[in-house]
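Based on the sequences and whatever the hints tell you, model everything.
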Amino acid sequence: MIERPETAVPSIAQRNLEGYVGFANLPNQVYRKSVKRGFEFTLMVVGESGLGKSTLINSLFLTDLYSKDYPGPSQRIKKTVQVEQSKVLIKEGGVQLTLTIVDTPGFGDAVDNSNCWQPVINYIDSKCEDFLNAESRVNRRSMPDNRVHCCLYFIAPSGHGLKPLDIEFMKRLHDKVNVIPLIAKADTLTPEECQLFKKQIMKEIQEHKIKIYEFPDTEDDEDNKLIRKIKEKMPLAVVGSNVVIEVNGKKVRGRQYPWGVAEVENGEHCDFTVLRNMLIRTHMQNLKDVTNNVHYENYRSKKLAAVTCNGVDNSKAKGQLTKSPLAQMEEERRDHVMKMKKMEAEMEQVFEMKVKEKRQKLKDSEAELERRHEQMKRNLEAQYKELEEKRRVFEAEKVNWEAQQKILEQQKLDASKTMEKNKKKGKIF
Amino acid sequence: MASTEIARQAGEGARAVPLSGHVGFDSMPDQLVNKSVNHGFCFNILCIGETGLGKSTLMDTLFNTKFEGDPNQHNQPGVTLKSNTYELQESNVRLKLTVVNTVGFGDQINKDESYKPIVDFIDTQFEAYLQEELKIKRTLHNYHDSRIHACLYFIAPTGHSLKSLDLVTMKKLDSKVNIIPIIAKSDAISKSELAKFKIKITSELVSNGVQIYQFPTDDESVAEINSSMNSHLPFAVVGSTEEVKIGNKMVKARQYPWGTVQVENENHCDFVKLREMLIRVNMEDLREQTHARHYELYRRCKLEEMGFKDTDPDSKPFSLQETYEAKRNEFMGELQKKEEEMRQMFVQRVKEKEAELKEAEKELHEKFDSLKKLHQDEKKKLEEKKKSLDDELNMFKQKKTAAELLLNQAQQAGASTTLKRDKERKNFF
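Here the protein sequences line up with chains A and B, keeping their order. As numbered in UniProt numbering, residues 1 to 429 make up the first sequence, in order. As numbered in UniProt numbering, residues 1 to 429 make up the second sequence, in order.
Treat the hints as calculated values from the structure; they're not laboratory data.
Okay, derived cross-link-like pairs now, DMTMM-like style, lysine to aspartate or glutamate, Cα gap no bigger than 20 Å in a straight line:
#1 A:231 to A:220
#2 A:342 to B:334
#3 A:339 to B:341
#4 B:309 to A:129
#5 A:358 to B:359
#6 A:339 to B:330
#7 A:231 to A:217
#8 B:163 to B:107
#9 A:91 to B:219
Predicted model, so just to flag it, every value in this text is computed and none were measured.
Listed below in structure tokens is the structure:
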């Protein structure tokens, strides 16, 4: 006899270790395996031409992503909004990173920029779609993650506020990708102007309920303090440069002006270092996690809900979202089986009833015919009896009469005989 | 309007570019590790072995703590699986450990079905994960993974060979879980017998095609130690939670009159090797293999069972949506067809029944028609009889009347004769 196995008991007990076990080495195992696997990251830059997007990328990754051999998109003339990706493999400290930079030349450059965000949205969605399809295959192989993990949005340093295009773009993309707004070419703003500009931008972002990327709180208070400091600096004002200049004996990346050098990596000149540290050194993994757990899941659930809730009204659809489509089909199958059973039972019932009715009718008519037949028979029998009786009476009468007649005949005969005798005797008297 | 033009890649695949400074993405593994540590780890072990082979003791010894449970009896009617989850912590690493024990394994007289509850249990955990993965709104990153990552198969220390129950069970499990066979209570076997025993076991496993877990040798940092450990399989272990003073240390040991077996002495048994391999070096790999190999196999089989197929393995993109829709349409079509069939069947039955009843009705009418005819005949006969009687009656009446008339005449004549006579007589007087 086999009994069904119990599934995992939900209650969890604490246990203290009384000696060395060794699973504290798990993080090292994870480290080792991740280095072997390598990392991937997709960064998208969006903004009008001339805001220094390509330069910033080169500064961030200390490489010439766009060089003479591989000229950046800004070098080319474009008439429409393009979405172009460049993939590079960079190595550092034994760690391999496959970096994909997605550029959007032509964005916001036209006279009529309506829907210029559409190619961007289409690109992001198509990458999510690719991932969804790869994830949903029956035979799954290693799934490369080409989803856009972060979108740097370049705001022109007008000093006033967000442009309608900025607002429109961010509103449309904030629930599809991690949006990090940056003030580009920040070396055209004085610190005070920059402060005001930042405040204004943040105010407008809040007003329009735009959800830009949020740094998650950690359990470490020290880290939280740093995070709060960074949050106060949002949006980050950046300066990029491909040129290395010597300042005070040090070689730094910067922009040389007659009045001085704006250093890219100087925290007092701009927030570039903050951006680089946050984007690459501390929160790259988190950006990927948020993309995977939030934005991608959003996309996926919307996509799948559209498939399975076709024609189902909204109230029902909400409850079905927690089930997998397969489970839902199973349930529908079960429902249908029940429905069929019920229908069958009903039809059976109706059938039986009708048959019973008909049978009853038949019986009734049979009974009726029987009855009539009986009646007629009895009638006939009665008549027969009557006839019999009549005949009997008649016969009896006849016999009687005949007997009488015979007697009378006899009497007559006797009488006539007597008369004859008397006559013969003479006329007496 | 902006139009879309997607992806012109800079070169095929990713090109390697040199970095001109420290970017900082070499912290990615650390970021990943931090995330994992914050999230906590999870590991599930399944212990299979006959009652009394020291499974619980070994678990206690491995994890240096006292887990649940009183020793089980031998009189279980079937195999059940008992699972307990514990939260352990070692330095800053939190581990949610689930230990699943087979209760009653090998105790029955008929062990044909012993492996079934185990296979069912493992499949149930896979199924739960699959269902979660297929949900429309899912929370995979918070999902408590209950899939079995490692299966310790306890071999009885007979010194001869594997039991057929062992071979059968392991064969059924080797494609579903990472099997690590261990020789239990190995302090009952001498060193020379042990060597022979290990060789016998290994050759039996190989000749029966049982795939046991091999420690991975693809990562250079652990390749050497893993491959040397692979040659010591199956590990001969001894478990003990009691401590004995050896020298000036308290060590875990089993004390016999002839000596003390020290659990952590590598000359005495392979316990330390097991702990190293299972926990300290390959825990993460066991989890990975479970997810990437065993779970994928289960998933593939399950989906194929349900009729899902990749439309075209490599070239055409696989669209989940289309497949679901196609499946759904097929499914609906099936249901419709079933419904139609049932209806048709009923229509058929109704027709048949109607024909039957009509037949019966016809018969009834025929019967009564014939009866009626009989009746008519009878009636006719009766009428004839009546008529003949009436004729007789009439004739009789006539006769009677004629006779009476005659009689009357005769009487009158007689009476007149008598009268005449009387008159004459009178006259005489």
